[in-house]
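Student: Taking the hints into account, I'd like the entire structure generated from these sequences.
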Amino acid sequence: DIQMTQSPSTLSASVGDRVTITCRASQNVITWVAWYQQKPGKAPKLLIYKTSNLQTGVPSRFSGSGSGTEFTLTISSLQPEDFATYYCQQTWTFGQGTKVEIK
Amino acid sequence: QVQLEESGGGLVKPGGSLKLSCAASGFTFRDYFMNWIRQAPGKGLEWVSYISSTGSLRDYADSVKGRFSISRDNAKNSLYLQMNSLRVEDTAVYYCVRDMGGDNFDFWGQGTLVTVSS
Numbered sequence: 001d002i003q004m005t006q007s008p009s010t011l012s013a014s015v016g017d018r019v020t021i022t023c024r025a026s027q028n029v030i031t032w033v034a035w036y037q038q039k040p041g042k043a044p045k046l047l048i049y050k051t052s053n054l055q056t057g058v059p060s061r062f063s064g065s066g067s068g069t070e071f072t073l074t075i076s077s078l079q080p081e082d083f084a085t086y087y088c089q090q091t092w093t094f095g096q097g098t099k100v101e102i103k
Numbered sequence: 001q002v003q004l005e006e007s008g009g010g011l012v013k014p015g016g017s018l019k020l021s022c023a024a025s026g027f028t029f030r031d032y033f034m035n036w037i038r039q040a041p042g043k044g045l046e047w048v049s050y051i052s053s054t055g056s057l058r059d060y061a062d063s064v065k066g067r068f069s070i071s072r073d074n075a076k077n078s079l080y081l082q083m084n085s086l087r088v089e090d091t092a093v094y095y096c097v098r099d100m101g102g103d104n105f106d107f108w109g110q111g112t113l114v115t116v117s118s
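Those sequence lines, one after another, are chains A and B. Okay, so the first sequence: first residue is 1 according to this note's numbering, each after it adds one. Okay, so the second sequence: first residue is 1 according to this note's numbering, each after it adds one.
These aren't lab readings, by the way, just hints derived from the structure by calculation. Please note that a few of the clues may not be correct.
[Claimed, not checked] Residues from chain A shown here face chain B by an in silico Cβ test under 7 Å; the list is partial: (1) Ala43; (2) Pro44; (3) Tyr49; (4) Tyr87; (5) Thr91; (6) Trp92; (7) Phe94; (8) Gly97.
[Stated by the list, open to error] Computed list of lysine to any residue pairs in SDA-like fashion (alpha-carbon distance at most 20 Å, straight line): (9) Lys42/A - Pro41/B; (10) Lys39/A - Ala40/B; (11) Lys99/A - Ala40/B; (12) Lys39/A - Ile102/A.
[As the list claims (entries may be wrong)] Anything over 12 Å on all C-beta distances counts as not near chain B; from chain A, calculated: (13) Ser7; (14) Pro8; (15) Val19; (16) Thr20; (17) Gln27.
For each residue, glycine too, the CB sits at the ideal point set by N, CA and C.
Tutor: Laid out in structure tokens, this is it:
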């Protein structure tokens, strides 16, 4: 099974910062990666599907890219509502999560 | 609008059984693959099981294979998870999740908490 490793595990940033989260696969991903945002006590929310497609209703400051074994989620200008935990996912495997905290 | 509402969670002793249900509305349930995904307290997400739109295909995480069984009733717009031989490590919030296609999970229920403890 493919393992998905996210980095960093925790990220401290300020409003307005550009933030990048990386997800590395243990072997080549021949399909795609999705990204989810989860806030405390809430269900995860799909942000990016099929590696780079923005889910309906998700702000355009979120973007996804990558191929092979390295994938990234970028938030171009961090907003107060973006402080949350982010997960990458490939088929049945999730990354361990990246918590984005206020600096 | 799409809604997924789980029920059936609760406290159960190790070795016990529980059946989760998920009531779907706001979309054509029979057209979609469905999943159960869980999250242990303070931990990350773990995929548990999927079932195809007709119910003919199913798969399970190794951690639950042989103990859990997924099913659906398209006439009732409902998804189920029968959990047997429960272990302490099965304690988690269980989410009912729609697959929009290609293993991309676009709608999640609010989750139901299963606690396995003596």
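Student: Each hint needs a verdict: does it hold in this structure or not?
Tutor: Now the hints, each set against the structure:
The restraint placing Ala43/A at the interface with chain B holds, with a minimum CB-CB distance near 4 Å, inside the 7 Å limit. Proximity of Pro44/A to chain B holds as hinted, the smallest CB-CB distance being about 6 Å (cut-off 7 Å). Of the supplied interface hints, the one on Tyr49/A holds, with its beta-carbon coming within about 4 Å of a beta-carbon of chain B, less than 7 Å. With its C-beta approaching chain B no nearer than about 6 Å, Tyr87/A sits inside the 7 Å limit, and its interface hint holds.
Because the beta carbon of Thr91/A sits about 5 Å from the nearest beta carbon in chain B, less than 7 Å, this interface hint is met. Of the supplied interface hints, the one on Trp92/A holds, with its beta-carbon coming within about 4 Å of a beta-carbon of chain B, less than 7 Å. About 4 Å separates the beta-carbon of Phe94/A from the nearest beta-carbon of chain B, less than 7 Å, and the hint is met. At about 5 Å, the closest approach between the beta carbon of Gly97/A and any beta carbon in chain B falls short of 7 Å, and the interface hint on this residue holds.
Restraint check: the Cα-Cα separation between Lys42/A and Pro41/B comes to about 13 Å, which is no more than 20 Å; the hinted pair holds. Note on Lys39/A and Ala40/B: the hinted pairing holds, with a Cα-Cα distance of about 15 Å set against a maximum of 20 Å. Straight-line distance between C-alpha atoms of Lys99/A and Ala40/B comes to about 16 Å, which keeps the hinted pair within the 20 Å bound. As the CA atoms of Lys39/A and Ile102/A are separated by approximately 14 Å, the hinted pair is consistent with the 20 Å bound.
Remark: the non-interface label on Ser7/A is consistent with the geometry, its nearest Cβ contact in chain B lying 14 Å away (cut-off 12 Å). Non-interface call for Pro8/A relative to chain B: holds, since the shortest CB-CB distance, roughly 15 Å, exceeds 12 Å. Distance check on Val19/A: its Cβ is at least 19 Å (rounded) from any Cβ of chain B, clearing the 12 Å threshold; non-interface status holds. Here Thr20/A stays apart from chain B, with its beta-carbon at least about 20 Å from theirs, past the 12 Å limit.
With a cut of 12 Å on Cβ distances, Gln27/A stays outside the contact zone with chain B, its closest approach being about 16 Å.
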